[in-house]
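Chemist: Take the two lone chains and join them into the complex the hints point to.
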Amino acid sequence: MATSAPFPTLSDNGAVVERHWQELNLRRRTYTFIGLALLAMALSGSLWFANETNAGKFFDRLPYFFDFVGDLVPRDGAEIGRAMFDLASPYDDGSLKYNYPEGRMYLTDTIYVPEYVYRMLETLNIAIFSTIFGMFFGFILCFLAARNLMPNPWVRGLVRRLMEILRAFPEVVIAGFFLAILSLGPIPAMIAVSIHTVGALGKLFFEVVENADMRPEEGLRATGGNWIERVWFGMVPQVLPNFMSYALLRLEINVRASTIIGAVGGGGIGEPLRLSIGQAHEAKTLAIIILLFSTIIAVDQFSAWLRRRLVGDQAFQLAQ
Amino acid sequence: MTVNTMMNAAEMEAIAARHPHLIHGSSRKRIRSALIFAGIALYMIYSWWFFSIGQVLTNANWGIAGTYLADWVSYEVRPDIKIAADGAMQVVYPRFSPLGPDARPEWVKIETKTIERTIDAPAATQQALPKSSTFSFMAPKAAVGRSAEAEVKPERSSEEVVSRATISFNSATSVDVVDRTVTATHNGETLLIDLDPGRGVQPKGDLPDWATQKRPGEKITLAFGMTGWADVDVEKVSIHNRFPGWANFIFDTSSPFFNKSFGEVAGLIFAGERLDPARSNLSLAWNNILYNAEWQHLDVWTKLLQTIVMAFVGTLFASIVAFPLCFLAARNITRNGVLNQVTKRFFDFLRSVDMLIWALFFTRAFGPGPLAGMSAIFFTDTGTLGKLYSEALENIDDKQREGVKSVGAAPLAVQRYGVLPQVLPVFASQALYFWESNTRSATIIGAVGAGGIGLKLWEAMRTNSDWENVCYMVILILIVIFIFDSISNLLRSRLIGQKIH
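Keeping their order, the protein sequence lines are chains A and B. Under the UniProt record's numbering, the first residue of the first sequence carries the number 1, and numbering increases by one thereafter. Under the UniProt record's numbering, the first residue of the second sequence carries the number 1, and numbering increases by one thereafter.
Hints are computed from structural coordinates only; laboratory data are not their basis. Only a predicted model underlies this, so the values are computations on that prediction, with no experimental measurement involved. We treat Cβ as the ideally placed atom computed from N, Cα and C, and that holds for glycine. A hint or two may mislead.
Output of the computed footprint for chain A on chain B, the stretches with three or more beta carbons under 8 angstroms from beta carbons of chain A [unchecked claim]: (1) 103-111; (2) 159-171; (3) 232-240; (4) 304-314; (5) 366-378; (6) 456-462.
So that you can see chain B by itself, here it is in the shape it has in the complex (with noise of 0.2 angstroms):
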């Protein structure tokens, strides 16, 4: 029997006329999507006047924004050159500059003389020269950089001060400080600024665009895009120069290994004579990287780890209690339907109450730390394993296990054999799911105080100048999740026996 499946154009439009609604859909359907989408249209509107999104997002301060992201891989070192009312200059570089105490970058041409000045008595200076007072009178420790040799004496002295100071950010850009005239020059234009005492800062003709001084007489503002920018003021040219990368990622300015190269610590490790008398140079060095005061690895790898430790406990501790819990709530097991009720609402309530409330709660009962993000995991996670558990349970195949009981086999046995077999790979496939997702939020939940590196991560943005250590400990944070992204995959999919997402 043969039958002609090809219709012509006439049977098509008879078929559709039989069954319209096959071929056109009912109204009513496409009334309610239309409406769906209107609806979550006008919520959408709804929620932008609510949180007015728009007054917001144009009242930010996008300028900052940029800063803020070049700091996460790149930093500033911000020498000031300092200029008296008798002319003669100073360069000096700000307490923790990433130079170390004793600057002498190649970037700063410095041309220095000898001048004699008369200094009176200090309260004297001070009135007269109010913003550089500290040029005469400086604490030892604040005498960095290429600084004169300012000696504390109310009486006429000789002093060696700077005379011209070039600063060449790149090749296109450099700022030219000499007897109160600012040459700064970038991509071919050039500005001349006077720094007149009485007049404030008089720049020589037009401001090209990447000058800005916002009324006559004040700081011009020099803006070099990525290379950095500069303050010109009276008294203080404020240079900001942005180099590329995480200064002094392995050694800060305090450690002996400070700025010397590879090869020179590999020597000092292996060969050179003991810095301190104490321990041996690898230990020292190891050490330095340990306490590095600017980006404290030692730290920062302690609350990783903890949050690492955090959702492997949390977790562990919530499969091993949700597992014997789970068999009360399965209906198909415990046939008793107020024990499942109870176990099922117990579960629900677990999770229900936040990870949040738990992560408060348990940092007031241990303090801050670990313990307390560790058992806001196992609570709110014995609740959802529970369910997750009991539901499995509740879908496995009747047969396996009928067929164990028709044996003569004890309750125990026919849940080890009948029922076990068929839900563990499950029961740990979806462990191992929740110790991955719990790694990412135990990142969160540590911010509140629960331990982990959740905390430093905030207290580092707090400070809005720490962004690069935020970079760090997000970097650290990633490979660590897709570390373990994969571990788990790889044991769900030989669990489960097939590739699972």
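Same shape as in the complex, but just chain A (with noise of 0.2 angstroms):
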């Protein structure tokens, strides 16, 4: 900073300038400090709720708190690949520790998947197969939801409400209620994820729908095209890469979303995952987390490059 010359005196306007300039200034610095005092507040409280209402109090259990990387250490490297590709463990004492053949899916009579490559197999076709059926039901009713497509606001209304309440509402419920009617397996968490991906994809859609250029839409209108014809000749094909993008984004949450729901009870990995977690198998945990973990990898990075394929690099916000 230059200060060798000296400081030039204000007009009388400037003065008055520079005076509004000092009280705008200290009221945001005002507001500033209150906003960031109650955060603080609202922190303290929280913690000390938090703390109270736990099982264990944070400061007795601090010095466990790395205790979960010695769950994690096996007898020998080897093991995790025993683990997880189900072969024999030469410690094999009869206990659920290191049964690991146990777990073998046959084909044939020598062919077989093994348990946790199964189950992630599951898992991922859980996601799959709910990232496909949200967006075929948000696709069709995020034109219902559109204002430039859809002019009725009772329908629009209505079509907006039920995504809300379908993406609101709690998916342990609707797992939940559909394990205790189906009885145990994926189909109630592929229901859960499902009804959870219309709501979020069918909001997306109509976003992307309500930004899109309306000019091929007034061009079919304008030749007598129906409200289907419209849509699907001069809406459709300029929102379609943005939708699989999205659906791309979505296909990566549900890989997350289908193990959680598996941990209760759902089907998939998470299950074996929260018991041998549970239960101090190391090498099976590890052996879960290596699979889980790469295959997260796995979709995150296809589903990037398939949508920078498909809308460039504009398609790197996360969306939930």
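Modeler: If you want it as structure tokens, here you go:
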């Protein structure tokens, strides 16, 4: 900063502006300070409440924070591979900890799919199926919810409220309800994730439609096209890449969601993961985590690559 | 210069002939989209087979689904009419009946008479009356409902017993039990059923649509639709009368305020004598509401607050930690390729190890409770927010930064005045968005033990009979989500300066 020149005095008008600016600045700072103080109060209150209602207290349990690392050390490195591919373990003592070959899913007499690979495929299939299902119904609903295509505010409002409810309704409740009816298996998880996906994708889709270029649609209207023709030929071609991109983003989220739903009884890899962490089966836990981790990364990378091809570099925001 | 932009048909065809690819599109593209759709269709068929969806859906117990759904918004009262071997009857309510221990509902009409009974030794009675042995030797606690005063004396005694019981479900439906004969009326049709200890349950005439009997002599089930159903057996007629609404939502049956009108309760609270000398009626009432045994209001509210707190603290900490790290990850801010890559891969790692895995680990570390869920959200979202923040940083306009740099500002001042004003609204908006969406995911990870309302929901669903509690919690969750949705939308639209959905 140059300090050699004397500070020029302000003219009267300049002084007024300067004073106003100072006042504004002071007010803004006060608001910022009040906001931060409120945030700090809410935070400390929350932390106190969380600590009070937790089973173990934070500072009592802190020394055990990294205990889970200890739960992840198998007897030797090859155990992870054995757990992942259901090979017999030399430590097998008949307990659940080392009974890897028991999970084999035999296709023929000799060829088998390892249990965790099969479970992972199940989770992945739940995610893909519900993404396609959600995309299909989201696609149908979104045109009814977009302001530029559906002039009737009642239909629009109804469809939007429906999508909001589908989105906000806790997945775990849908899964639990269908578990009670359909008994154990992956289908309750599929229904739960699908229903949520319809709401989430429908909302993203109708926002895309509302921001679309209306000129093709006007052209079709001028030539006398009916509603379905206008939507199909005027709207769908320009929004489809964005729809696909959002559906792929949703797929990433659904892989994670179906794992979680699986952990509460909905089939897939979630349940063996919960059990093996709970029972401290190191090799099994690590095998599942590695499978899950690599699947999630693979799906994320594949989706990012496809989205880049579909809509270019714009498509990198995450949506949930 | 004027150009006639109107074309005649010949000109249009000429253009179409010159540029056929514009009009018809490439055949490759068409084949590709057809292939994609075929692929998707094939995949759906494959999934149908892989999960054997059709089979599961047909084997499902859809009848019970209706009952479970009805349980969300209604409740059943289940009096049993027990018929002893000598024909004496008794109306018994289950122990946790929503009507409380001393129920005399108007829809159950009872006529009584006094009879002389001879009761020998207890063992002999049990042999003679296997199902109705509780009749004479009932524990005082089980003697609920409008039962006769049973005397525990193994000798001759005179008792008052029920001679006729009439249950009116609604104006068109009723069940009348007298002298081992059940008269069921539903929508104008009447069914007479004889309860013969020797021959079993014998209907007189054909069974109407609403009555089913699997084998002759076995029990008959009368289904009256939404208003309830009844099981008719030789020794017992079980009534299930369904009422809309939630039973005992405010005061449970053990509360002194139970079954009192709003006016009575208000009168007691503001002017009544103290029911419990130790404290005022207001605090007693409040305490009774909080510890309502059926609805567990205090517990539900605590768990809901835990869920909210988990999402709030988790997201806040995540954005606080992600904030400095994202400057290291952005390649236009920190010009060090190794450092960028290390930070970015660290974010990817946190994000890709699923929230579920973190939740399970931290449940082991902290024990079940909100600390585990909070940490899980914190770890996952540090990765997600870090990634988003560093992408926002990499997309900033460089001109402002150069301007600040050109007047000779220190590196920190360049970030503060050249970069932060551009990205701070985006950062805050992203954090708000994740706060809102984490409120939703916190419900789910709660179900694996990471604190919050998730576990409570899951436990309520597991019993398959507390669906009204599930409904209550779902409504609370939906309210919270909609409120937070609106707050977050409002704040974000003010930050970014336009309406974001």
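Chemist: Take the hints in turn and mark each one as holding or not.
Modeler: Now the hints, each set against the structure:
With a cut-off of 8 angstroms between beta carbons, the region 103-111 of chain B has 0 residues touching chain A; three or more are needed, and the interface restraint is violated. Note: the region 159-171 of chain B has 0 residues with beta-carbon separation from chain A under 8 angstroms; the three-residue rule is not met and the coverage is violated. For the region 232-240 of chain B, the stated coverage by chain A is not satisfied: 0 residues place a CB nearer than 8 angstroms to a CB of that chain, which falls below the threshold of 3. As drawn, the region 304-314 of chain B meets chain A at 6 residues by the rule of a beta-carbon pair under 8 angstroms; at three or more, the given contact holds.
Taking a C-beta to C-beta cut-off of 8 angstroms, the region 366-378 of chain B contributes 8 residues in contact with chain A, enough for the three needed, and the coverage statement holds. Coverage of the region 456-462 of chain B by chain A holds. Counting CB-CB distances below 8 angstroms, 4 residues qualify, and the rule asks for three or more.
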